[in-house]
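Under the UniProt record's numbering, the first residue of the sequence shown is numbered 1, with each subsequent residue one higher.
No lab work stands behind these hints, which were simulated from the structure alone.
Where hints are given, some of them may not hold.
Said to hold, decoys possible - Calculated lysine to any residue pairs in the SDA-like style (CA-CA distance at most 25 Å, straight line): (1) K141 to E18; (2) K141 to V155; (3) K141 to T85; (4) K83 to I166; (5) K141 to G78; (6) K83 to T139; (7) K141 to V125; (8) K83 to V116; (9) K141 to W122; (10) K83 to L143; (11) K141 to V74; (12) K83 to L147.
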Amino acid sequence: MVTEMIRAASLEPQLYEEVEHDQSATAQALGVVVIVSVLTGIGNALAGRGTEGMISGLIAALVGWLIWSALTYVIGTGIFGGKATYGEMMRTLGFAYAPGALNVLRFIPVLGWVIVGIAAIWQLVAMVIAVRQGLDFGTGKALLTSLLGWIVLVVLTTLLSIPERILG
Numbered sequence: 001m002v003t004e005m006i007r008a009a010s011l012e013p014q015l016y017e018e019v020e021h022d023q024s025a026t027a028q029a030l031g032v033v034v035i036v037s038v039l040t041g042i043g044n045a046l047a048g049r050g051t052e053g054m055i056s057g058l059i060a061a062l063v064g065w066l067i068w069s070a071l072t073y074v075i076g077t078g079i080f081g082g083k084a085t086y087g088e089m090m091r092t093l094g095f096a097y098a099p100g101a102l103n104v105l106r107f108i109p110v111l112g113w114v115i116v117g118i119a120a121i122w123q124l125v126a127m128v129i130a131v132r133q134g135l136d137f138g139t140g141k142a143l144l145t146s147l148l149g150w151i152v153l154v155v156l157t158t159l160l161s162i163p164e165r166i167l168g
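Could you build the full structure based on these sequences and the hints that come with them?
Now the structure itself:
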């Protein structure tokens, strides 16, 4: 799975094509999301958010993947006429999480947030490639689908994190 994560983070279109068509790759996509979630959780914990930060990071990444996949599927097929199944979106987008492994470095003062920002942009680029390959359309539609889905996901994630910020 590490090789596939490196290929995904290297933005290799063929990897996204392969996982799109391989139904057994759903478990691997989940594995990528879990690995990135654990690394994000470790980064949160090391950044001083304690155990709660680790748990919330794990949950947020897993739920985010499911929502991100659903949003991309709905936007890509419903608005832009792409051809895919929800499972294909889950697989391709799960692998697009790979650059998020850098979130483990979030605890580094000042530089950590720069790294997290770079990882977020890198994930967005990976998402565009995953969407392009998964929905079988051009880069322009993939970019619009990705941006719309990402904006909605960021808004939802922000709204879901408000209670945690208020409570603790």
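Going down the list of hints, with the structure as the test:
{"no.": "1", "hint": "K141 to E18", "verdict": "holds (21 Å)"}
{"no.": "2", "hint": "K141 to V155", "verdict": "holds (21 Å)"}
{"no.": "3", "hint": "K141 to T85", "verdict": "holds (17 Å)"}
{"no.": "4", "hint": "K83 to I166", "verdict": "violated (42 Å)"}
{"no.": "5", "hint": "K141 to G78", "verdict": "holds (12 Å)"}
{"no.": "6", "hint": "K83 to T139", "verdict": "holds (14 Å)"}
{"no.": "7", "hint": "K141 to V125", "verdict": "holds (13 Å)"}
{"no.": "8", "hint": "K83 to V116", "verdict": "violated (32 Å)"}
{"no.": "9", "hint": "K141 to W122", "verdict": "holds (18 Å)"}
{"no.": "10", "hint": "K83 to L143", "verdict": "holds (16 Å)"}
{"no.": "11", "hint": "K141 to V74", "verdict": "holds (13 Å)"}
{"no.": "12", "hint": "K83 to L147", "verdict": "holds (18 Å)"}
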